[in-house]
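Please build the complete structure, drawing on both the sequences and the hints.
Chains as they are written, first to last, in this note's numbering: chain A, 1 to 326; chain B, 1 to 326.
Hint data in this document are derived by calculation from the structure and do not stem from the laboratory.
Take every hint as true, because none was put in to throw you off.
Intra- or inter-copy, both count: the list cannot distinguish identical chains.
In silico DSSO-like cross-links for lysine-lysine, where the CA-CA straight-line distance does not exceed 30 Å: (1) Lys198 - Lys169; (2) Lys39 - Lys237; (3) Lys39 - Lys169; (4) Lys169 - Lys237; (5) Lys237 - Lys270; (6) Lys169 - Lys282.
Keep in mind the model is a prediction, meaning the values are calculated, not measured.
Number of protein chains: 2
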Amino acid sequence: MPSALTNFTECIARELSAVDDRFHAELSSDLRCVNTLVKHVSRFRGKMLRPCLVLLSGKACAASELGDAHVTLATVVEMVHMATLVHDDVLDEAELRRKGATINHLRGNEAAVLLGDYLISHSYHLCSSLESQFASRLIARTTNQVCEGELLQIENRNNIDLDDQTYLKIITLKTAVLTAACCTLGATFAGADERRVKALETYGLSLGVAFQIQDDILDIVGDTSTVGKTLGIDIEKGKMTLPMIHFLRTAPAEHRALLRSLLASRDADKVERIRNLILPSKSIQHARDRAHELVDRAREAIADLPDSEAKRVLDAMAEFVVTRPM
Amino acid sequence: MPSALTNFTECIARELSAVDDRFHAELSSDLRCVNTLVKHVSRFRGKMLRPCLVLLSGKACAASELGDAHVTLATVVEMVHMATLVHDDVLDEAELRRKGATINHLRGNEAAVLLGDYLISHSYHLCSSLESQFASRLIARTTNQVCEGELLQIENRNNIDLDDQTYLKIITLKTAVLTAACCTLGATFAGADERRVKALETYGLSLGVAFQIQDDILDIVGDTSTVGKTLGIDIEKGKMTLPMIHFLRTAPAEHRALLRSLLASRDADKVERIRNLILPSKSIQHARDRAHELVDRAREAIADLPDSEAKRVLDAMAEFVVTRPM
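Shown next as structure tokens:
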């Protein structure tokens, strides 16, 4: 796992390795052309954040070792996430993902649309192998919401007047409901009671929103070689994010006017100029503060859990989500 | 239901109307922008072939009236089909579908990708509302295969040497496994025994292959105003279909050479010239003959079913599939 989370995952190393095997077993096909595409997409698997959330939530609630269901669920959420990445790259027309060329850039939008469909289909297929319908229902409800979030996002493209509330609704739907589902599934399949499941759901939801705010901050302040994906895309694609929304509400009038005119322009150095305008303002810090508040909420939610290695890792991961440089 | 199948569906009119209601109930969202897109896509719902197959297979096997599970399943397969249509139109860059502008043409590829995702997510969501996992497993396995078929198809784009066998594999995966699944589900949920389920699966599979061959024939010989969707797309997109494959194997050498050079060209009147070359040949009739053989196989498969209105309609539908002008 090529990841800055590696330090955190010692206590679930065995399960993560099983997730890897399950991932490849589920996606392998009789058709060579399918395997070639899947092989490429596997190369830009990333931090395995979502499988980690399933497994750690499970461990933090389980009386005994995790069984096969947790490995299945962790693989399912990784596939769902990969599917959204592949389709996102079509939407974003991105060329770079995890330091490798994106599928759409390499093989065209058609292959990318179909590969995303293949991943999502296999995620439901794998999920339906479980005995109960509980996970299938939760995963499908979650992907319904992810699609709604994405649709709301493109509806608000170039909406310079986007407010905080709608921004939060978009990122909750497109990112946080899935991280919440990971924690809910992990806890539920470990036999946790309702109150504890709810606590982990709150943890996952807050962490997901914080994670997306950090992503949006990195899109402005990040360094492409560290982050490993095309940056400045939010600006290019007219996606308003928290730092920009804050800037347009609080910066001096002439700065606000300049940002508005830059956002509307098609200048080649538009992204660079917007960065230079926002970086010295208080708006990046404002977004960081909001993300930190959410991390605090996530950590509070699990404070009552009995002490365990898994709980300590969940606690540290919440912090990592908003300090990561990638 | 604006369809030439209307005459066939009297015996399932009540259930089809319930499918319509279920379809809208499942897809309705709190978000206005989502409802607007869904409303548009609903306008080009078509023949309802797949829901009809679920319901008629159910009726043909059931001892009593069909229950709610059949309505659910019929809605699920229609949503799966709509999702593939919406993504197909992105792949094909089509502008016209069922006499209305396609989503991608109206709202851009992004909305079309996401709307397809929304439809597929809701189809699994609705399917997971059933008590047993049987349908979820079959539907997910089927969509796995549909994706494989589509990927195999784009892998063979512009492959002038495509053989019959690979062509049949492509259309079986991308079209016929879903029609087969419709019949399997309809029969299974009506309590049919294994032999009868198998008979209906064979019916659905043969009918699906025949249906796709007829679609491919219409793409060459059809009239846009009757068929109601952009034609000549197979040629434009380098998709080799049965009439072309046959022509390249059997036509006089100079005709074969002309087709090869036309397929490789970028002439504006390429589609027209290819039509004019193939129409007088025996290749359209060859494809029609193959489709009719499959229809015979479909009808044979259900010959042993006890007589019923539903069985007679299934029989007539098989014939309709290869004689329809749209």
